[in-house]
Amino acid sequence: ILGQAAASHLRSCESKSSQQVQLLRKDAVIEACHDLASMKGTGALPLLKTLHKTYGKLFRAKRMAMTVVQNTRLVRLVTDDEFRSLTTQDFAKACGLVGAVVSERRSVICFSPESDSRYNSLIDLPAAREMSYTFPILDGSSLRAVVQWTSSERPAKGSREASDSLAYNELNSKHREVLDQLHEFVAIYLRRIFPNESIAAKITTTMNKLRAIGAMRKAQQAMEAGADPGASTGSALGGSALGALVSKVAAANKKQQEEPAQEDAPKPE
Numbered sequence: 316i317l318g319q320a321a322a323s324h325l326r327s328c329e330s331k332s333s334q335q336v337q338l339l340r341k342d343a344v345i346e347a348c349h350d351l352a353s354m355k356g357t358g359a360l361p362l363l364k365t366l367h368k369t370y371g372k373l374f375r376a377k378r379m380a381m382t383v384v385q386n387t388r389l390v391r392l393v394t395d396d397e398f399r400s401l402t403t404q405d406f407a408k409a410c411g412l413v414g415a416v417v418s419e420r421r422s423v424i425c426f427s428p429e430s431d432s433r434y435n436s437l438i439d440l441p442a443a444r445e446m447s448y449t450f451p452i453l454d455g456s457s458l459r460a461v462v463q464w465t466s467s468e469r470p471a472k473g474s475r476e477a478s479d480s481l482a483y484n485e486l487n488s489k490h491r492e493v494l495d496q497l498h499e500f501v502a503i504y505l506r507r508i509f510p511n512e513s514i515a516a517k518i519t520t521t522m523n524k525l526r527a528i529g530a531m532r533k534a535q536q537a538m539e540a541g542a543d544p545g546a547s548t549g550s551a552l553g554g555s556a557l558g559a560l561v562s563k564v565a566a567a568n569k570k571q572q573e574e575p576a577q578e579d580a581p582k583p584e
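Counting with the numbering used here, you get residues 316 to 584 for the letters of the sequence shown.
Don't read these hints as lab results, they were simulated from the structure.
Cβ coordinates follow ideal geometry from the N, Cα and C atoms, glycine included.
One should not assume that every hint holds.
To be verified - Below, in silico cross-link-like pairs of lysine-lysine (DSSO-like), each with a Cα-Cα straight-line distance of 27 angstroms or less: (1) K489 to K364; (2) K341 to K372; (3) K472 to K377; (4) K368 to K472; (5) K368 to K341; (6) K489 to K372; (7) K341 to K377; (8) K489 to K472; (9) K341 to K364.
To be verified - Derived Cβ-Cβ restraints for the label pairs, each shown as a range: (10) D454 to I424: 19 to 25 angstroms; (11) C425 to G358: 29 to 35 angstroms; (12) E397 to E485: 30 to 36 angstroms.
Take these sequences, add in the hints, and give me the full structure.
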């Protein structure tokens, strides 16, 4: 009977402790979202500083780094220990554990990652005899960034949520839920700092097409009015090669329209 009572009391204590830890995690996420939302500027440095503090509260993170995905490039954001300065490192192709997450669009969790064949010290955090967590930050179907943190604490075995520990456990649904909430808000913040380059390129291409169509219409109006089509076209397109081409086409069309009139004219006797 005493054994059963002791076991019941222990389970009750574990449950209360787990609930307290879960509340602390929720408070940490709320605080992070509030900090990011209240920032007047849009910069990567305050984001990294906030996330470093948040991952520490959530899962006892020791170090933290972020790599932004920009089209086919990877841009690793590097700060000093006091978060006073920010530098970037560009990678033309995916590499390391970060590259594995970019390719597979799913997290990579491992102990002592330096022994992993995918590890690359140029882009991955050093973590000898430590846990390494590398997660994608998705914005819908788009991959915005990859976040990586290390911790000296190993997760508890099994998926029992009643025995919650301070280290991240991928089998614990509460851990996954709180991390998804944080990453969802981070993706929104990254959307402001690093707009999608492919979207910007599409917008630029569309605007160029609209300018070309407008220039061709002006050239056609000038031709119908009997003016020099090259003048209006060249000014509309800034004297570009496209403007010269439109002028050439317009002149050929004008010549073609004049030829039938010359053939139909009566020949002098």
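Hint check:
1. Between K489 and K364 the alpha-carbon distance is near 24 angstroms, which keeps this suggested pair within the 27 angstroms criterion.
2. About 10 angstroms separates the Cα atoms of K341 and K372, which keeps this hinted pair within 27 angstroms; it holds.
3. Taken as a hint, the K472 and K377 pair is honoured in the structure, with Cα atoms around 21 angstroms apart against an allowance of 27 angstroms.
4. Between the alpha carbons of K368 and K472 the distance comes to roughly 26 angstroms, so the proposed pair stays at or under 27 angstroms and holds.
5. The straight-line distance between the Cα atoms of K368 and K341 is roughly 14 angstroms, inside the 27 angstroms bound, and the hint therefore holds.
6. For the hint linking K489 to K372, the alpha-carbon distance of about 15 angstroms falls within 27 angstroms, and the restraint holds.
7. A hinted pair counts as satisfied when its Cα atoms are at most 27 angstroms apart, and K341 with K377 qualifies at roughly 20 angstroms.
8. Between K489 and K472 the CA atoms are separated by roughly 15 angstroms; this keeps the pair inside 27 angstroms, and the hint holds.
9. This hinted pair checks out: K341 and K364 have alpha carbons roughly 19 angstroms apart, not beyond 27 angstroms.
10. The hinted range of 19 to 25 angstroms is satisfied by D454 and I424, whose Cβ atoms lie roughly 22 angstroms apart.
11. Checked against the hint of 29 to 35 angstroms, the C-beta distance between C425 and G358 comes to roughly 31 angstroms, which is consistent with it.
12. Range check, E397 to E485: about 32 angstroms between beta-carbon atoms, so the 30 to 36 angstroms window is met.
Checked against the numbered hints above, the structure violates none of them.
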